[in-house]
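There are 2 protein chains.
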Amino acid sequence: MSFFFLDEYEDMEAYIPGEQPKDRQYIKLNANESSFPPSPKVLEAVNQSQINGMGHYSDPHCMELRAAIGEVYGFGADQVFVGNGADEVLGFCMMSFFREGMKVCFPDITYDFYRTYAKTYHLDYEQIPLKDDLSIDVEDYINTDKDVILANPNNPTGKDISVADIERIVKKDPKRMVIIDEAYVDYGNESCVPLVRKYPNLVVIQTFSKSRNMAGARIGYAISSKEIIEDMNKIKFTFNPFNMSSLAITAGTAAVKDTEYLKKCVTTTIETRKYFEKEVENLGFFVFPTTTNFAFIKHPTLDAGKITKELKDRGILVRHYQNERISAYLRVTIGSREEMQQVIKELKDIVESALCVC
Amino acid sequence: MSFFFLDEYEDMEAYIPGEQPKDRQYIKLNANESSFPPSPKVLEAVNQSQINGMGHYSDPHCMELRAAIGEVYGFGADQVFVGNGADEVLGFCMMSFFREGMKVCFPDITYDFYRTYAKTYHLDYEQIPLKDDLSIDVEDYINTDKDVILANPNNPTGKDISVADIERIVKKDPKRMVIIDEAYVDYGNESCVPLVRKYPNLVVIQTFSKSRNMAGARIGYAISSKEIIEDMNKIKFTFNPFNMSSLAITAGTAAVKDTEYLKKCVTTTIETRKYFEKEVENLGFFVFPTTTNFAFIKHPTLDAGKITKELKDRGILVRHYQNERISAYLRVTIGSREEMQQVIKELKDIVESALCVC
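So the protein lines, in turn, are chains A and B. Going by my numbering, the letters in the first sequence line up with residues 1 to 358, in that order. Going by my numbering, the letters in the second sequence line up with residues 1001 to 1358, in that order.
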């Protein structure tokens, strides 16, 4: 720590991303990345002329990308904010609307980044425990006086809340901001984006990192009221006016228009998840029901930490959490059919070796 | 403004980037962009396999790019911070080390973004007037008790300070942070990066947007002590852990290694600037001496705002500032030889039409 670091950051807790070890080639199923390449339209769009044109600044208003995203949902560009990944979008949202001491709540088990931000910037945050079945008690979020952040479906459980329940939370108090992070919504869930038309206190955040197969491109967006989007853009202009590169704007625009490809990738991922879940059930695992690009599973007797380590030794990375309420679980991203066959093969071997009375 | 926007932002003043009108094709000389394409190595590096690999997250530590930049200056990756443009780098620097009420100073005439940030986030900032000749009085920055931000060479004047003078500012008080923004340093100026070895209170910020011809790629970096870089990375991880895209990391790494191409582009730009300056002197303009990729010029009688408008009508964008101390000047980016010939032709016509006693 330098002499200059602000002392209010002393008790900060850095967000820890899924590991990216480089010691060998891994089947990487620990960060809910996609095994598909981006849409072929992206490859067409990011061409020689695009790259050679990088001498000029990108559009600080990112209008092309915002208009293309808006069109998918029937909104104008003025209701879309874009950033370098959903994290940056969330970051600018927090910077615009939350200061030290302001009240916000989110589940005790959810995407870690919410707590990282809230703790570092000294929000008055409450982590509301999930129910014993790891689902969210909607009444908790209807009856709170705090602003709300919810991942829907939740991560790492994959458990979703209905749009009707989201609406009950949002409509309860128009002075309370409700941020819904829909990173995994495309995998068979209903989006609450249409509620934005009725409720100016709703901010919906989505990402290109999952169903659009572009985690490395760093593109996320928020859809909300014109006023909220305008505020977020104002703050962006005080921090990094030209936040998105010209390549990201071009790649994102090409990707978001290719809805056919999105459907194809999502359908295949869901099929592969169902296949994987059935196979691991046959190995004795309990499968937590999800509608995402990952499976959330636990074995009745084997230690999840040990399985994670065994899989890593065999060249497969999955995610295991220390939090004791979910420490029995593994979160396994759904990769390609071949990758999942390999995982099943190794899991079978691990289970049989452990349970064998040799 | 939404109901939710924090009231402390009420008197904020948004940074206004150089205009990017789309009504026709312009010769765009208003944002100090480069007329060169990025290094051919960038085109090689950003290939099909790179684009198809975007399903996976980029390295949140950006080690490849940080190491490549560090190598140019003889530093390890742990003394390099990278961000989406120098603005984001400055933004994370301010967020890490400056809170409301902290004292900072910078010239009254400089890159607008410093004031935008300082005003929005309520720093106790002082804008120290340049001397009458538009140069910086180094004593002002040696004898202040405030932290210091200086663009060197300054923008939009192009006036530089010697490294010896920078050292006097930095060494005066190790408890005072000195941030030197070297966006234009490669165009014939000496960098103060070597001072980082001696002074842990120095942060030097550079960019790929000028001499590396990659404004659209959004890549900037800071070189400083290990402790300062570590602090900035910690804060980055609370706001946007995966800030740089995989394409930006790859493109930046390829570009920074191609020092031959950098030299070639810089040499050509300097030659073209000298050519342009000589030609406009012949038209009666005063040329403020700069070592940058732009010329800062004024006509003894003609109004700079009117010339700017006339040039725009003729398809050429240059930058004119309202600030009355420099409102007689035009800042003209040095484009290609052909572009500058066109500017000279139009300026000649504008001057002759205005001065003609018809």
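Keep in mind the hints are simulated off the structure, nothing from the lab. Any given hint could turn out to be false.
DMTMM-like, lysine to aspartate or glutamate: derived pairs with alpha carbons at most 20 angstroms apart [to be verified]:
id	chain 1	residue 1	chain 2	residue 2
1	B	Lys1234	A	Asp78
2	B	Lys1234	A	Glu19
3	A	Lys234	B	Asp1078
4	B	Lys1234	A	Glu100
5	A	Lys234	B	Asp1112
6	B	Lys1234	A	Asp112
7	B	Lys1103	A	Asp7
8	A	Lys146	B	Asp1007
9	A	Lys234	B	Asp1059
10	A	Lys22	B	Asp1078
11	A	Lys22	B	Asp1059
12	B	Lys1226	A	Asp7
13	B	Lys1022	A	Asp59
14	A	Lys103	B	Glu1019
15	A	Lys175	B	Glu1008
16	B	Lys1022	A	Glu64
17	B	Lys1234	A	Asp59
18	B	Lys1312	B	Glu1352
19	A	Lys103	B	Asp1078
20	A	Lys234	B	Glu1260
21	A	Lys175	B	Glu1010
22	B	Lys1226	A	Glu10
23	B	Lys1103	A	Glu8
24	B	Lys1175	A	Asp7
25	B	Lys1119	A	Glu100
26	B	Lys1146	A	Asp7
27	B	Lys1226	B	Asp1011
28	A	Lys119	B	Asp1078
29	A	Lys226	B	Glu1126
30	B	Lys1175	A	Asp78
31	B	Lys1234	A	Glu64
32	B	Lys1175	A	Glu10
33	A	Lys234	B	Glu1071
34	A	Lys234	B	Glu1019
35	A	Lys234	B	Glu1008
36	B	Lys1022	A	Glu281
We went through each hint and held it up to the structure:
1. B/Lys1234 <-> A/Asp78: 33 angstroms, violated
2. B/Lys1234 <-> A/Glu19: 17 angstroms, holds
3. A/Lys234 <-> B/Asp1078: 33 angstroms, violated
4. B/Lys1234 <-> A/Glu100: 19 angstroms, holds
5. A/Lys234 <-> B/Asp1112: 15 angstroms, holds
6. B/Lys1234 <-> A/Asp112: Distance of about 15 angstroms is within 20 angstroms: holds.
7. B/Lys1103 <-> A/Asp7: 16 angstroms, holds
8. A/Lys146 <-> B/Asp1007: With Cα atoms ~18 angstroms apart, A/Lys146 and B/Asp1007 stay inside 20 angstroms; holds.
9. A/Lys234 <-> B/Asp1059: 29 angstroms, violated
10. A/Lys22 <-> B/Asp1078: 18 angstroms, holds
11. A/Lys22 <-> B/Asp1059: 11 angstroms, holds
12. B/Lys1226 <-> A/Asp7: 18 angstroms, holds
13. B/Lys1022 <-> A/Asp59: 11 angstroms, holds
14. A/Lys103 <-> B/Glu1019: Between A/Lys103 and B/Glu1019 the Cα gap is close to 39 angstroms, so the pair fails against 20 angstroms, i.e. violated.
15. A/Lys175 <-> B/Glu1008: Satisfied, since the Cα-Cα distance of roughly 18 angstroms is no more than 20 angstroms.
16. B/Lys1022 <-> A/Glu64: 12 angstroms, holds
17. B/Lys1234 <-> A/Asp59: Distance ~29 angstroms between B/Lys1234 and A/Asp59 Cα, so the pair is violated.
18. B/Lys1312 <-> B/Glu1352: 17 angstroms, holds
19. A/Lys103 <-> B/Asp1078: Between A/Lys103 and B/Asp1078 the Cα gap is close to 36 angstroms, so the pair fails against 20 angstroms, i.e. violated.
20. A/Lys234 <-> B/Glu1260: Violated: A/Lys234 and B/Glu1260 sit about 40 angstroms apart, past 20 angstroms.
21. A/Lys175 <-> B/Glu1010: Holds. A/Lys175 to B/Glu1010 sits at ~19 angstroms (cutoff 20 angstroms).
22. B/Lys1226 <-> A/Glu10: Holds - the C-alpha atoms of A/Glu10 and B/Lys1226 are around 18 angstroms apart, at most 20 angstroms.
23. B/Lys1103 <-> A/Glu8: 17 angstroms, holds
24. B/Lys1175 <-> A/Asp7: This hinted pair holds, its Cα atoms lying about 15 angstroms apart.
25. B/Lys1119 <-> A/Glu100: 19 angstroms, holds
26. B/Lys1146 <-> A/Asp7: 18 angstroms, holds
27. B/Lys1226 <-> B/Asp1011: Given that 20 angstroms is the threshold and the Cα spacing comes to 36 angstroms, the pair is violated.
28. A/Lys119 <-> B/Asp1078: 26 angstroms, violated
29. A/Lys226 <-> B/Glu1126: 35 angstroms, violated
30. B/Lys1175 <-> A/Asp78: 44 angstroms, violated
31. B/Lys1234 <-> A/Glu64: 33 angstroms, violated
32. B/Lys1175 <-> A/Glu10: Status holds; Cα separation ~19 angstroms.
33. A/Lys234 <-> B/Glu1071: 37 angstroms, violated
34. A/Lys234 <-> B/Glu1019: Roughly 17 angstroms between the alpha carbons, so the hint for A/Lys234 and B/Glu1019 holds.
35. A/Lys234 <-> B/Glu1008: Given pair A/Lys234, B/Glu1008 holds - Cα atoms ~13 angstroms apart, limit 20 angstroms.
36. B/Lys1022 <-> A/Glu281: 58 angstroms, violated
Hint compliance for this structure: hints 1, 3, 9, 14, 17, 19, 20, 27, 28, 29, 30, 31, 33, 36 are broken, all remaining hints hold.
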